[in-house]
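K.L.:
Add chains B, C and D to chain A, keeping to what the hints say.
Number of protein chains: 4
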Amino acid sequence: MLYFECDYNNGCHPEILKKLAETNDIYQPGYGYDCFSLSAKEKIRKTFACPDADIFFLCGGTQTNAVVISSMLRDYQGVVAAETGHIGTHESGAIEYTGHKVLPLPQHDGKIDAAELKSYVSAYYADGNYDHMVFPGMVYISFPTELGTLYSKAELQAIHAVCSEYGMPLFIDGARLGYGLMSSECDIPVEEFAELCDVFYIGGTKVGALCGEAVVFPRGNAPEHFFSMVKQHGALFAKGRVCGVQFDTLFTDDLYFNISRNAISKAESLKKILKEKEYPFFFETPTNQQFVIAENSELEKLREKVSFGFWDKYDDSHTVIRFCTSWVTSDDDLLRLEETL
Amino acid sequence: MLYFECDYNNGCHPEILKKLAETNDIYQPGYGYDCFSLSAKEKIRKTFACPDADIFFLCGGTQTNAVVISSMLRDYQGVVAAETGHIGTHESGAIEYTGHKVLPLPQHDGKIDAAELKSYVSAYYADGNYDHMVFPGMVYISFPTELGTLYSKAELQAIHAVCSEYGMPLFIDGARLGYGLMSSECDIPVEEFAELCDVFYIGGTKVGALCGEAVVFPRGNAPEHFFSMVKQHGALFAKGRVCGVQFDTLFTDDLYFNISRNAISKAESLKKILKEKEYPFFFETPTNQQFVIAENSELEKLREKVSFGFWDKYDDSHTVIRFCTSWVTSDDDLLRLEETL
Amino acid sequence: MLYFECDYNNGCHPEILKKLAETNDIYQPGYGYDCFSLSAKEKIRKTFACPDADIFFLCGGTQTNAVVISSMLRDYQGVVAAETGHIGTHESGAIEYTGHKVLPLPQHDGKIDAAELKSYVSAYYADGNYDHMVFPGMVYISFPTELGTLYSKAELQAIHAVCSEYGMPLFIDGARLGYGLMSSECDIPVEEFAELCDVFYIGGTKVGALCGEAVVFPRGNAPEHFFSMVKQHGALFAKGRVCGVQFDTLFTDDLYFNISRNAISKAESLKKILKEKEYPFFFETPTNQQFVIAENSELEKLREKVSFGFWDKYDDSHTVIRFCTSWVTSDDDLLRLEETL
Amino acid sequence: MLYFECDYNNGCHPEILKKLAETNDIYQPGYGYDCFSLSAKEKIRKTFACPDADIFFLCGGTQTNAVVISSMLRDYQGVVAAETGHIGTHESGAIEYTGHKVLPLPQHDGKIDAAELKSYVSAYYADGNYDHMVFPGMVYISFPTELGTLYSKAELQAIHAVCSEYGMPLFIDGARLGYGLMSSECDIPVEEFAELCDVFYIGGTKVGALCGEAVVFPRGNAPEHFFSMVKQHGALFAKGRVCGVQFDTLFTDDLYFNISRNAISKAESLKKILKEKEYPFFFETPTNQQFVIAENSELEKLREKVSFGFWDKYDDSHTVIRFCTSWVTSDDDLLRLEETL
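Sequence order for the protein chains is A, B, C and D. Going by this note's numbering, the first residue of the first sequence is number 1, and it counts up by one from there. Going by this note's numbering, the first residue of the second sequence is number 1, and it counts up by one from there. Going by this note's numbering, the first residue of the third sequence is number 1, and it counts up by one from there. Going by this note's numbering, the first residue of the fourth sequence is number 1, and it counts up by one from there.
What the hints contain is simulated information worked out from the structure, not anything from laboratory work. Ideal Cβ placement from N, Cα and C applies to all residues, glycine included. The hints are all genuine.
Simulated pairs of lysine-lysine, DSS-like, Cα-Cα distance not exceeding 25 Å:
hint, chain 1, residue 1, chain 2, residue 2
1, B, Lys19, A, Lys19
2, D, Lys118, B, Lys313
3, C, Lys275, C, Lys301
4, C, Lys301, C, Lys272
5, C, Lys18, D, Lys19
6, B, Lys19, A, Lys18
7, B, Lys272, B, Lys301
8, C, Lys313, A, Lys118
9, C, Lys118, A, Lys313
10, A, Lys313, A, Lys272
11, B, Lys305, B, Lys277
12, D, Lys313, B, Lys118
13, D, Lys275, D, Lys313
14, B, Lys18, A, Lys19
15, C, Lys18, D, Lys18
16, A, Lys18, B, Lys18
17, D, Lys19, C, Lys19
18, D, Lys18, C, Lys19
Which chain B residues stay away from chain D? Per the calculated CB distances, all over 12 Å, these:
hint, residue
19, Pro14
20, Pro29
21, Thr47
22, Asp253
23, Asp332
In isolation and in its complexed conformation, chain A is listed as follows (with noise of 0.2 Å):
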C-alpha cells in the first residue's frame, strides 16, 4: 500500500523521538515553564527574526483557531475568512462555539482578495444599520490555503494593509506552514514573515510533530492574560515539554525547514508522475497538495493499491481525489507510485 492520503497519518520526525527519550528524566516544571520549551520559543524568536514574540505552544490546530480568534476579538465582533477557510468548515463549529461568527469573504484558488476584503469592510461601515450586524473585528488567512496555494509577499501586504486600516489584527493559520515557506514560488524570505500579520502559528502536528502548534505574537502583542484563556479552552498541555521538546528539536539545526523542502519536492516529482500519467488537474499547487480528476470507475481499483483523499464530487463520472506528500514522504514511495498508476 502506498500512503498520498495526508500528512498526518504517520507518527512523527526520528529527531523528535530520539530527543523524547533524551529529556525523559529530566525534570522540569509544567505547564510550558520548562527548559524544553523556553529554548524552543527562543529559536522560534531567532528563526522569524522577532525578538519580542509572545509564544505559546498549543495542543492542537482547531483548538489553537479558536483561542486566538476568541481571544482577540469582542463579543460584538466576527472574523473573516475565506468561504473555504477551515474555521468555517471543518471544525465543527468550533468559533461559533465560543460565540463568533466567521464572516465570509468570496475565495479564488483558496484566497481572499484584499480589494474585496476592503470593499465588504468599507460597505459594512457604509451601512445605516451595522450595528444592528457582526463587525468584522479580525481577519483569518491559511498559508498555505486549505487549497495547497500561497499568498504572494505583496498580497500579504495589501490584506495586512487593509486590516491595519480597519483595526482588524490578520491571523494566519500556519498548519502547514513549513510547506508554504519552502515553497519555490513563496517570495517570502522566513525572516520577512512575522512582520506580514499580527499573529500566525505555525504547525506542528501536519510537519513532522506528533501534535502541537506554536503560535506567535511578533511583537509582544498577545492579548492580556492569553496563558489563563489557553488554560480556560483546554489547550494547555500540563507537560508542557512535550510542545517543548518537539519544537526545540524542529527549530534546532532548521529542521523544521529541511523536512519541509522535503514534502516540496516530492510534491514536484509527484506533479510530474500524475502528468505523465495524463491525470487532469483540477488544481496544481505549488504546496505538498495536489488535486487531480479521477474517473470514478477506476477509484476503487486504485484504493487498493493507493490511499488517497476524496476531496469533491467533479461531475457524474468523475471525482476529485488529492494526492500529499510530507515531510517523511521517500523517493522509493514515488517510484512505487510511477509503477502503480
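P.N.:
For chains B, C and D alone, kept in the frame of chain A given last:
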C-alpha cells in the same frame, strides 16, 4: 535536587517511548481511527469489565471535563461538584465558558456526601422558584479527590443512587485514577469501578503518559455525536495515534496499575519519613499526595534541596506544603529525602 | 411629514392601551402566570387550531429567535437559513452568541427552496467528513420573508417534509405573521398554518403591540424547561401581564388579523400609487413592504416630506428604497403620499 | 384579598398609561432614538448629576445584568457577588450562559464587606496558581440588596475603593433603586449615588413601570459598541419608545422618587403592624421588604386573605415569610391588613 512537587514534571514511562518508536513508521488513519487506539479501547473495555463502553481519547484533563460536562448538560443545567472540585477551582472557568454553572457542595476531606447531595437536590426541587435557578443536571467527583482522598465503594454507591433518583449522570474525574484504585485503602476492584458511575476518565498525563486522557462511557451511553463535540472543543488529536499508542501501552501487561502501585508504595514510605521527621500532617492520605505543615522559616532552606508544592497558608508562621510521589519515584529518591529533611 | 419607513415607529393599537388601563389595578402573579396571559394563550390555541400548543410570550424578536433556536439545537448543530434570513444578517450575531452557526442557503426572493434544502442536507450527510462539520439541526424561515415575500402552502409543505425526513424542526419567524396570513396571495388558512411547522412565533411588535412576541409549539412540543431557558436569556418579563394583556386584546374579536388586513389593503393602494408615479419596482410584494428604485438626485428632496427606508445601492445613480404600510396606515396617509410623490 | 407578595404584581403608575396614550400617535424612530428616550436620558443625567453619562434602556433585569456584566468582562474574568446576589441565585444561570463565573463572597444581611472583598482579591493575586483560576474582573452588588438592606455611603465608598485599586468596575443592580434611595436610613443623596460606582441600573419594572430598566454609565464609560451587544442579547426594544415614554414620565416631577417614598412610608406602617401582631422579625429592613417568622399552622389560614412571599423554612414548625409594599400600596391596604392579621 529532589522532586516531590507533583506527578507531571517528568516525561513518560520508557515503555511508551519504546512503543512510539516501534510504531512510528506505520501509516494509520487520523482522528482516533488508528489501530493503536482501537486496540487500546479494547484493552480498556476488558480491564474495566465494560464490553459495551464508548471510549474516546482527549488531549488533556481540563478539556476532558469541559467536553464531557457540556455535552451531557442541557442549557438550563449546571454540574454539582465539591467546593474543592478541580472544575470549580483550577480550570480557569472552563466549565462556565461552555455556559454552565458549577454548583458547589460542601466538601469533607475533598469529598461530597450522598446525604448532603440528596438534601441539596431535593431542596432544589422543593423550592417554589426552582425554575428560576440552575438545575442540578449532573454530578462531578474526583477519584482520588484533589486532596488525595478516596471514596469507598459504599460512598460511591450511595452517591450514584442519589444521582439515578434525580436523573443526574455521575461523572468521575480520574486524572489520578490509577493512584486511587491501587491504594491499599481502596475497596473497589478495578472491574467494578465502571458500574459505579455513568462516565469517567482514565488519567494518562499524571500516570505515566506524555499527555492524553481516556473518557469511558461504560454502557455505550456516550451523548450522540460526542466525536463532533470533541472536535468542536479542539480536543481531538489529528494524530489520534498519540493517545492510542500510549494507552495501548499502559493497558498492556497491567502497566498502568503496576506503575500506579509504585506511586502508592513510595507514598507509604514518604509518610513514614515525614512522621519520623515530625512534620505535623495537615492531611494524611491513602494515595500519592501528602500534606504536611511546615514552619515558614524552614521553607526557604528546604526549597534549595527539595521541590514541593505550596498548598495553603496555615497560620502566620506556617504553611501547608504538598509532597507527591508518582509512577517514577524511586527508593533512592526517598532515601535522599530522608537524609535531607 | 409622511411615515412609510417601517412598521414599528408608532405606539400600539388603541384597544391595547384601553385594555392596559382597564386591567391596571388587577393584582396578578408575575412571569406569565397572570390571567391575561392564560386567556391570550387559549385564544391563540383556538385561532391557530392547535389545542395542545405550548405558548410563551417573550419580549422581542431577536430574543425569541435566539431562545427558540438555542433551546432546540444540540451543541454540534447549526440552524439552516436563507442567506437573507434575519438571524444571519441583522441580529448582531445573536445566534452565534449562543454557540451555534447559521448555515446559509441561497435565497430566491428571500425564500429557500425545498429541493435545494434537501440537496444541501443530503450532500452534508454524504460527505465523508460530515462529523467535522456543523450538523444542520433545524431550519429557520420567515413568513413573510425579510423581502416581504410569501411561501405558498405547497412550498411550506415541501420544506417541512424535508425537515421531517432529516429530523430538523422547522421554525417560522412570524415577526410580521399577520401581514403574511392576510395577504390576498396567501393560500394558507390561519387554522392550517400551525401544522406546517414545528414552532413559530406571532409577531406583536410590528403588528400593533408595544412589544412582545408569542412563541407557539403547536403540538405541545416545547423543549423541556423552555421556561427556564427564556429566563436564562433574560427574555422573561417579570410583569408577564405586559404581553398577556396585549396578546389577549389582539386575539379578541380578530383584532390581530383585522389590523393586518388594513396594512395589506393600504399596501395595495401604495403599489398603485408607486406605479402611477412610475417608480420602477425592485421588488413588488404581496405584503406590507414594497421596494422601488429611486434616483439618488431625488432622494434628498423626497426625504423632506416622506420617511422611507434605504434598502440598498442599486447603481451609482440609483437606490433601492422601501415603503412600508402597517396596521396604522390610513387612507389619508396614502392620499397625501399620492400628492407628494 | 390583600396583596403583599411582591412589588411587580400590578400594572404601572397611571401617569405612565396617560403618557403612553398621549404619545401613541407620534411617529418616532426605533431602537432608542425616539424623542422620549432622549428626553428621559437627559432627565436621568440631571437627576443623578452625571451630565456625561451613557444611558441605555433594556427590557428587564436579568437581561440587564447579563449584558452589562458580559460586556465589561474579558473571557478570563468572572464577577464577584454576595452569595445571595440575584445573579448567582435566581437568574437561571444567565451570567454563566455568557461564559463567566459568578464568584461568591460571604454575605452579611445580603451585603458584601469591603475588607473581605479586599482580602479575597489580594489572596487571589497572591496565589501562585492565580492564572489557572477565574480572575475577579468586576464586582456586582444590589442596592437595596435582595434582603432589603442598604449599604451606607461609607460602605459603598470602601467597596468602590477596593474595586478601583484592583481594576474591577463596580456595578450596582438597582432593580429597586428608588426604594433604597428614599429609605429614611439611606445616607446617600441621589446626586451623589452615581459617583460611588462605575455602572448602575435604575429599576423600572419594580418601581412603577410596566417593564424596562435604565443602565447608566455615569462618566460616559460604556463599553465600546454597547448598543450592539444589547442587540446581540435581544435586550433592545424595536419600539424603544416603550422604555423612553415610561422613564421620561418617571423622571418628570420627581415621580420615580415620590412613588418610591410611598412604598417606604407604607413599609414603616407595615412594620408597626407586624410588631403589634407580635410576628417575630427574621429581618427588619429599612426598605420595602420585611421578613417575619410565622407558624406553619397559621399559614394556610393567612393565605386565604393575604398574599405574601414564602422566603425560607425557619424550622420544622415555622416559615420565614416576606411582606412587600410598593409604589401602589395604599393606607387602606394596611388598614385591612391590620384587621386581618
